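Undergrad: Each chain is listed here by its residues.
2 protein chains.
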Amino acid sequence: MNALTALTNHQIRLASRPVGLPTRDNWKFTTEPVTEPGPGGVLVKTLYLSLDPAMRGWMNEGKSYIAPVEIDAVMRAGGVGRVVASQNPAFAVGDHVSGGLDVQEYCLIPEAQLKRSGLFKIDPSLGLTTWLNVLGMPGMTGYFGLLDVGQPKAGETVVVSGAAGAVGQTVGQIAKRKGCRVVGIAGGQAKCDWVVNELGFDACIDYKGGDVKAGLKAHCPNGIDVYFDNVGGEILDAVLTRITRGARIIICGAISQYNNTTPVKGPANYLSLLMNRARMEGIVVFDYADRYPQAIAEMAGYLKDGTLKSREDVVQGLENFPEALLKLFNGENFGKLALQVASE
Amino acid sequence: MNALTALTNHQIRLASRPVGLPTRDNWKFTTEPVTEPGPGGVLVKTLYLSLDPAMRGWMNEGKSYIAPVEIDAVMRAGGVGRVVASQNPAFAVGDHVSGGLDVQEYCLIPEAQLKRSGLFKIDPSLGLTTWLNVLGMPGMTGYFGLLDVGQPKAGETVVVSGAAGAVGQTVGQIAKRKGCRVVGIAGGQAKCDWVVNELGFDACIDYKGGDVKAGLKAHCPNGIDVYFDNVGGEILDAVLTRITRGARIIICGAISQYNNTTPVKGPANYLSLLMNRARMEGIVVFDYADRYPQAIAEMAGYLKDGTLKSREDVVQGLENFPEALLKLFNGENFGKLALQVASE
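Chains A and B, in that order, are what the protein sequence lines are. This note's numbering numbers the first residue of the first sequence as 1 and each following residue consecutively. This note's numbering numbers the first residue of the second sequence as 345 and each following residue consecutively.
No lab work stands behind these hints: they were computed from the structure. One or more hints might be untrue.
Stated by the list, open to error - If you want a taste of the chain A side facing chain B, the calculated C-beta under 7 Å gives, among others: (1) PRO267; (2) ALA268; (3) LEU274; (4) ARG279; (5) MET280; (6) GLU281; (7) GLY282; (8) VAL284.
Stated by the list, open to error - Derived DSS-like pairs: lysine-lysine, alpha-carbon spacing no greater than 27 Å straight-line: (9) LYS609/B x LYS63/A; (10) LYS217/A x LYS178/A; (11) LYS459/B x LYS522/B; (12) LYS304/A x LYS176/A; (13) LYS178/A x LYS213/A; (14) LYS213/A x LYS176/A; (15) LYS557/B x LYS671/B; (16) LYS407/B x LYS265/A; (17) LYS309/A x LYS327/A; (18) LYS609/B x LYS213/A; (19) LYS522/B x LYS265/A; (20) LYS407/B x LYS153/A; (21) LYS407/B x LYS217/A; (22) LYS520/B x LYS653/B; (23) LYS63/A x LYS178/A; (24) LYS208/A x LYS121/A; (25) LYS552/B x LYS265/A; (26) LYS63/A x LYS561/B; (27) LYS522/B x LYS653/B; (28) LYS561/B x LYS265/A; (29) LYS407/B x LYS552/B; (30) LYS497/B x LYS407/B; (31) LYS522/B x LYS213/A; (32) LYS557/B x LYS63/A; (33) LYS208/A x LYS609/B; (34) LYS407/B x LYS671/B; (35) LYS497/B x LYS63/A; (36) LYS609/B x LYS265/A; (37) LYS217/A x LYS609/B.
Unchecked claim - A few chain A residues that don't get close to chain B, going by computed Cβ distances all over 10 Å: (38) LYS28; (39) PRO33; (40) GLY100.
Just so you know, these numbers come straight off a predicted model, no measurement behind them. Positions of the beta carbon are idealized from the N, C-alpha and C atoms, including for glycine.
Given only the sequences and the hints, what does the whole structure look like? Please build it.
TA: Given below as structure tokens:
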């Protein structure tokens with residue numbers, strides 16, 4: 001065990017709360033010695049971290065669905081890693097695990113925090129980063145948001161923004177399995193081609209290169225029954241003009257608004273909800289935690305038989321976290337964005 | 345029958361589509377001879393007309409939940425009247441009726457349009473204007489919007505804007521019957537006092553005289569579980585900051601936005617729906633038409649035993665329609681606004 005304690009844990013901490021897009025000044029790079037777990041505890045070596053739009057919200061002060069990251073705290077992040085020391089019978093050295101590891105090379109999880117960290121063993125044969133994507137929080141968000149909140153029926157039209165992103169790829173593929181017409185909205189022709197050709201979406205609208213309203217009109221001739229919204233802003237307003245009677249809009253995120261220095265742009269067309277007796281409803285994935293195992297088992301089956309795909313965009317190196325995170329906000333990531341911190 | 349055909353029918357027609365608040369120039373005053381009903385038809389003398397915020401929307405061009413009023417058409421309005429000629433066995437001369445009568449002194453309803461007009465016999469002993477209020481479309485809107493869309497449970501906090509208006513008074517009184525804490529929002533102390541002292545609301549916030557956010561904080565210590573929105577705008581945004589997890593917001597109207605010459609102000613705080621796993625859902629009363637009789641019977645019972653109150657604000661004279669309508673938009677009406685066109 002002495003080999004472990006000779007190691008250094010590089011960490012990235014929140015130095016200050018950003019105004020607009022986070023800059024390098026908002027982060028602090030620290031080092032700590034790696035320490036052994038106490039009774040019941042586990043030490044995990046981080047392999048991949050999940051970079052998520054929600055992180056931007058965690059950097060803000062104030063009430064949200066989860067407490068903000070405190071100033072000087074290690075930045076919160078989910079990840080996958082390998083157990084390098086364990087005093088807990090549920091985890092053996094060498095096990096691959098997923099859970100809250102935070103933006104650091106090693107995560108010491110005392111027994112009392114194990115439940116909160118959500119740490120669980122994963123099957124590495126399905127791909128490590130897959131556990132941050134369709135088998136991870138984004139996949140669970142897409143799965144339960146679409147099915148429980150959106151309640152799509154065969155033959156209905158489902159539109160999803162951020163279609164090539166982590167949540168969007170799950171939403172679209174699950175909606176196709178349910179017999180829906182699926183139209184994505186993504187940034188750039190390459191992403192649009194991928195969701196249509198590889199994931200089997202019926203169409204995809206390039207919001208960077210085209211007119212979203214015209215695209216929705218062309219590709220949703222019977223209107224939009226379910227809209228899974230990851231972006232907010234003008235795209236949400238465009239969708240609201242084409243929803244059907246009784247439509248369901250799942251509010252999962254609003255990445256277009258997270259770095260605003262002006263107030264959030266509320267949906268000016270929200271009265272379409274009235275005209276169409278439609279609803280707009282928020283989802284927070286944690287509410288479905290007791291059903292994750294069942295959803296993971298189902299999606300793992302689809303992955304194994306090749307009918308579900310999972311694409312990740314992996315950036316190398318813990319030190320590149322600040323810039324990597326920004327890829328989410330300018331839409332540069334192609335697939336679920338992950339940061340590789342170590343290779344086994 | 346010759347006596348009837350000697351009569352003149354004064355009408356108010358839409359002359360042009362308003363920009364912002366309607367002005368007298370948007371209306372045209374016409375006269376027509378009164379004509380006898382054909383086989384199966386009915387002629388109704390208008391006694392009271394219902395003046396509703398929704399009328400402003402009907403004056404606009406473009407798709408809504410109901411077709412716009414065409415230029416030169418008699419302005420659409422619901423009303424109560426008395427049958428003065430009938431060739432239909434379902435209606436006898438002297439019957440009091442309610443339905444689509446439009447802004448005119450006499451309404452000739454051919455058999456083919458009877459269903460569309462929604463004409464039905466009413467019990468005048470409950471009060472004629474009551475049939476435009478808690479027993480009419482506003483009452484039905486409040487009843488089904490609150491119960492079916494809002495699904496309030498005993499002990500929950502229900503907030504309703506436009507609390508002293510037609511829909512608001514029904515919503516608040518029904519919510520009290522369901523065992524909820526009920527907080528109104530209304531314009532002016534007199535209205536606030538009335539909903540608290542006469543209708544039994546737990547509290548009422550005067551949006552003209554006070555700080556709505558502070559009022560909601562003071563009067564909704566456990567947050568807001570159900571919000572019945574008649575107004576939109578800043579009040580909707582204030583409510584969104586205080587909703588509970590799983591809250592339901594019923595979008596019934598947005599009177600603060602109907603006369604905008606700038607785009608509708610969307611709810612900037614709509615991401616509170618996400619944080620709180622809450623939903624915002626539109627209601628259009630017509631969807632509940634097959635259940636009106638049951639709701640009317642229930643509410644008529646409450647009116648008879650004195651546990652439900654209905655307050656109308658009656659303006660006299662068809663010719664005063666243009667100005668009377670404006671009372672809705674500056675909040676001058678105290679109770680459901682109606683226009684008396686004739687007295688029996």
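Undergrad: Holds or violated: LYS213/A with LYS176/A, Cα cutoff 27 Å?
TA: holds, 22 Å
Undergrad: Do the alpha carbons of LYS217/A and LYS178/A lie within 27 Å of each other, as the hint requires?
TA: This hinted pair holds, its Cα atoms lying about 23 Å apart.
Undergrad: Holds or violated: LYS497/B with LYS407/B, Cα cutoff 27 Å?
TA: violated, 35 Å
Undergrad: Any CB of chain B closer than 7 Å to the CB of ALA268/A?
TA: holds, 4 Å
Undergrad: Would the hint linking LYS309/A and LYS327/A be met if the CA-CA limit is 27 Å?
TA: holds, 22 Å
Undergrad: At a threshold of 7 Å, is the proposed contact between ARG279/A and chain B supported by beta-carbon distances?
TA: holds, 4 Å
Undergrad: Within a Cα-Cα threshold of 27 Å, do LYS609/B and LYS265/A meet the stated pairing?
TA: holds, 9 Å
Undergrad: Verify the proposed pairing of LYS557/B with LYS671/B, using a straight-line Cα cut of 27 Å.
TA: holds, 25 Å
Undergrad: Interface hint check: GLY282/A, Cβ to nearest Cβ on chain B, cutoff 7 Å. Holds or violated?
TA: Given a least distance of 4 Å, the restraint on GLY282/A holds.
Undergrad: Can PRO267/A be said to touch chain B, with a Cβ gap under 7 Å?
TA: Where the cut-off is 7 Å and the nearest Cβ of chain B is about 4 Å from PRO267/A, the hint holds.
Undergrad: Measure nothing beyond the straight line between the CA atoms of LYS208/A and LYS121/A; if it is 27 Å or shorter, mark the hint as holding.
TA: violated, 40 Å
Undergrad: Hold the hint about VAL284/A up to the distance rule: shortest CB distance to chain B must be less than 7 Å.
TA: Holds, because the Cβ-Cβ distance from VAL284/A to chain B comes to roughly 6 Å (cut-off 7 Å).
Checked against the numbered hints listed earlier, the structure breaks hints 11, 19, 23, 24, 29, 30, 31; every other hint is satisfied.
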